[in-house]
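Once you have looked at the hints, place chain B on chain A.
Number of protein chains: 2
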Amino acid sequence: MSPIVSITRLLGFIHRRKSQLIVLLHSSMAPITNGRVLFNAIPQDFPIPGKTTVYDTTQTIDLDNVPLNGGLLIKVLVLSVDPYMRGRLRAPEIKSYTPPFILGESLTGGGIGVVLRSEVAGVEAGNHVRGMLAHQEYVIAPSLAMLEVIERDPKLDWTVYLGPAGMVGETAYMGWREYSGAKKGEVAFVSTGAGAVGSMVLQIAKQDGLKVIASAGSDEKVKFMKEIGADVAFNYKTTDVREVLAKEGPIDIYWDNVGGSTLDAAMEFANDHSRFIECGQISGYNNGYQPISNPGLIFSKCMHIHGFLVGNLRTKYGAKFRAEVWPKLVSGEFKFKEEVTRGLEKVGDVILAVQKGTNTGKAIVVVAEE
Amino acid sequence: MSPIVSITRLLGFIHRRKSQLIVLLHSSMAPITNGRVLFNAIPQDFPIPGKTTVYDTTQTIDLDNVPLNGGLLIKVLVLSVDPYMRGRLRAPEIKSYTPPFILGESLTGGGIGVVLRSEVAGVEAGNHVRGMLAHQEYVIAPSLAMLEVIERDPKLDWTVYLGPAGMVGETAYMGWREYSGAKKGEVAFVSTGAGAVGSMVLQIAKQDGLKVIASAGSDEKVKFMKEIGADVAFNYKTTDVREVLAKEGPIDIYWDNVGGSTLDAAMEFANDHSRFIECGQISGYNNGYQPISNPGLIFSKCMHIHGFLVGNLRTKYGAKFRAEVWPKLVSGEFKFKEEVTRGLEKVGDVILAVQKGTNTGKAIVVVAEE
Chain A
0 MSPIVSITRL LGFIHRRKSQ LIVLLHSSMA PITNGRVLFN AIPQDFPIPG
50 KTTVYDTTQT IDLDNVPLNG GLLIKVLVLS VDPYMRGRLR APEIKSYTPP
100 FILGESLTGG GIGVVLRSEV AGVEAGNHVR GMLAHQEYVI APSLAMLEVI
150 ERDPKLDWTV YLGPAGMVGE TAYMGWREYS GAKKGEVAFV STGAGAVGSM
200 VLQIAKQDGL KVIASAGSDE KVKFMKEIGA DVAFNYKTTD VREVLAKEGP
250 IDIYWDNVGG STLDAAMEFA NDHSRFIECG QISGYNNGYQ PISNPGLIFS
300 KCMHIHGFLV GNLRTKYGAK FRAEVWPKLV SGEFKFKEEV TRGLEKVGDV
350 ILAVQKGTNT GKAIVVVAEE
Chain B
0 MSPIVSITRL LGFIHRRKSQ LIVLLHSSMA PITNGRVLFN AIPQDFPIPG
50 KTTVYDTTQT IDLDNVPLNG GLLIKVLVLS VDPYMRGRLR APEIKSYTPP
100 FILGESLTGG GIGVVLRSEV AGVEAGNHVR GMLAHQEYVI APSLAMLEVI
150 ERDPKLDWTV YLGPAGMVGE TAYMGWREYS GAKKGEVAFV STGAGAVGSM
200 VLQIAKQDGL KVIASAGSDE KVKFMKEIGA DVAFNYKTTD VREVLAKEGP
250 IDIYWDNVGG STLDAAMEFA NDHSRFIECG QISGYNNGYQ PISNPGLIFS
300 KCMHIHGFLV GNLRTKYGAK FRAEVWPKLV SGEFKFKEEV TRGLEKVGDV
350 ILAVQKGTNT GKAIVVVAEE
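Residue numbers (numbering that gives the first Met the number 0), protein chains in the order written: chain A, 0 to 369; chain B, 0 to 369.
Excised from the complex, chain A in its bound form:
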């Protein structure tokens, strides 16, 4: 074959396979690193950054060619770090309400990302999705099953949609509406009243016309609780909860985020027919749960104690939540604090901060700008 014939053939091939060639050229771009936070070792008590979880950069991803198999390619923007995640850092044989993280695989959690490529009908590149995302820079989601397409109010950052406009706000609003039985003039006690959930509970309770007693672990947090309307705010590390409740109680509603001795005290100073909302008990997550000392109070005071998971209340309250709470976040009527950390590699530190309570406000990790 002469060189001329060869070149002619080659040009003809190029012409016929133009679209394929573009793909080939594209796919020749180097795959890029896909940073991931992996579950590395089951913690004994508090999770240790770099041991319990490790930041891994060994995986690469070819953003243009990675097969989606009918799914979505998502660039992760923001991730939520929440107290409940401690329960997922466990051995797989232990049953609980959330699935365990899998050793050697990425953590997962609430997050928001932007769609880079989509093979899901109705979802396009540039859409934003919120839901359970792997703690990675890029995620391939097989479907929208664990995600929803979401739009942002220009006045609110995406981070807010993981906090008071997201699962955190839903937890406060839906738990309160379903179980508080709040009546104007009653007394509510909110533990972790400066926290992501607690601060929303505090403001919803005030909106409902209750007297609100709120506790937190620093004077800065006490100041914030007063700013957002707490009638009584105290630092439980320097003030005895029993003294406060003896003076300001008895209480009709207790929103529990801590458990332990605070729960005991709340029961002691509870009114008859009081409602206790068990949102969480962070005092027990890392060192084991402290027992409830006087269970006889449950019947002698006709108490009602409710455990709940927000996922079970979304069908009933989802639309109401968006209609009632979102506008108050946009208008600034509902206030909130965020503690934003930049860099996926920081997730381990943020998980520990949330378990220790050293963060102030909703803990968010920003993985990437859009």
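Everything labelled a hint here was simulated from the structure, so no lab data went into it.
Just to be clear, a hint being listed does not mean it is correct.
A pair counts as met if it fits within one copy or between any two copies, since identical chains are not told apart.
What the hints assert, rightly or not - Listed next, the in silico PhoX-like pairs over lysine-lysine satisfying Cα-Cα at most 20 Å (straight line):
1. 246 - 94
2. 182 - 210
3. 74 - 319
4. 74 - 327
5. 94 - 300
6. 210 - 246
7. 236 - 154
This structure is a prediction, so every number in the text was calculated from the model and none was measured.
Leaving out everything else, chain B in the frame of chain A:
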């Protein structure tokens, strides 16, 4: 004055004052003993007959002339002895859901009596009244405030109206209807399933189409629980509750009359969204309450724990209870056991038996025949 004149005057006097004379003759009848059970000493643990309570015969009563001041004179026929009474044998400064008994005064409790004299409009001698009565042979009630006039079905003894047709049946029926959220096919666990309340709960749960696991403290009681429909009945003194619940659970509803380690086990083997009805915790009444070991299960399993007092549910369920339960007691569809003790002086022994669980069936003291 001649004897004739004297006799004539006397006859004239008798004629004029005939009605007064009858009263005088009557009132000259010796007052009779009014036996009473007095609260004598605060018990350290189990109440001791003759020490915690004493039977006293020093009081007398003139049945015909004792002033009623607008009230009723009642001859007590039957008295109810219930587990909750332990809580009333306490120091007056300790607050609780029931008023303390008063040292040196008669115990009080559920009872039925017959009216001997009445100054209450609408109530006549011969009527029967049910309600809170002093543990005495005769009681003067200031009004009907704590009592109701009651008629008996000829097929049922008065004792039944203190048991399954009374407060005991109300407790089971109303607590179950209000808080169980029972759905056909669910699994219920009833502690003290052979007891006065528990045996009614067991039968109502079976009527609602549930699988019922029931525990009690003797083989005789296990036999009775099977007779009244328990799918699984066991003696907790010889069979490990955890083994039974592991095999026959998980449970959706737990009716708690005992607390302690049984409550812990029930929480351990509870389903998500289970409902726990805290009717009582007799394991804690005499030796102190055992803590709830794992309060984290309340939120991780989305449990709902309800304490209640039957008094708060009567307005809502009173008519339904009589319409639904009484006919089934008359027809024999609902079965029950009574342990009837004769003699007011035996109250102290019966109180102890109820706290120890050595009685079988509803504990009743018959004070007098009609």
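Each hint tested on the structure:
no.	hint	in the structure
1	246 - 94	between (41 Å within a copy, 17 Å between copies)
2	182 - 210	within (10 Å within a copy, 38 Å between copies)
3	74 - 319	neither (30 Å within a copy, 60 Å between copies)
4	74 - 327	neither (29 Å within a copy, 66 Å between copies)
5	94 - 300	between (32 Å within a copy, 11 Å between copies)
6	210 - 246	within (13 Å within a copy, 47 Å between copies)
7	236 - 154	neither (36 Å within a copy, 65 Å between copies)
Comparing the model with each numbered hint stated earlier shows that hints 3, 4, 7 do not hold.
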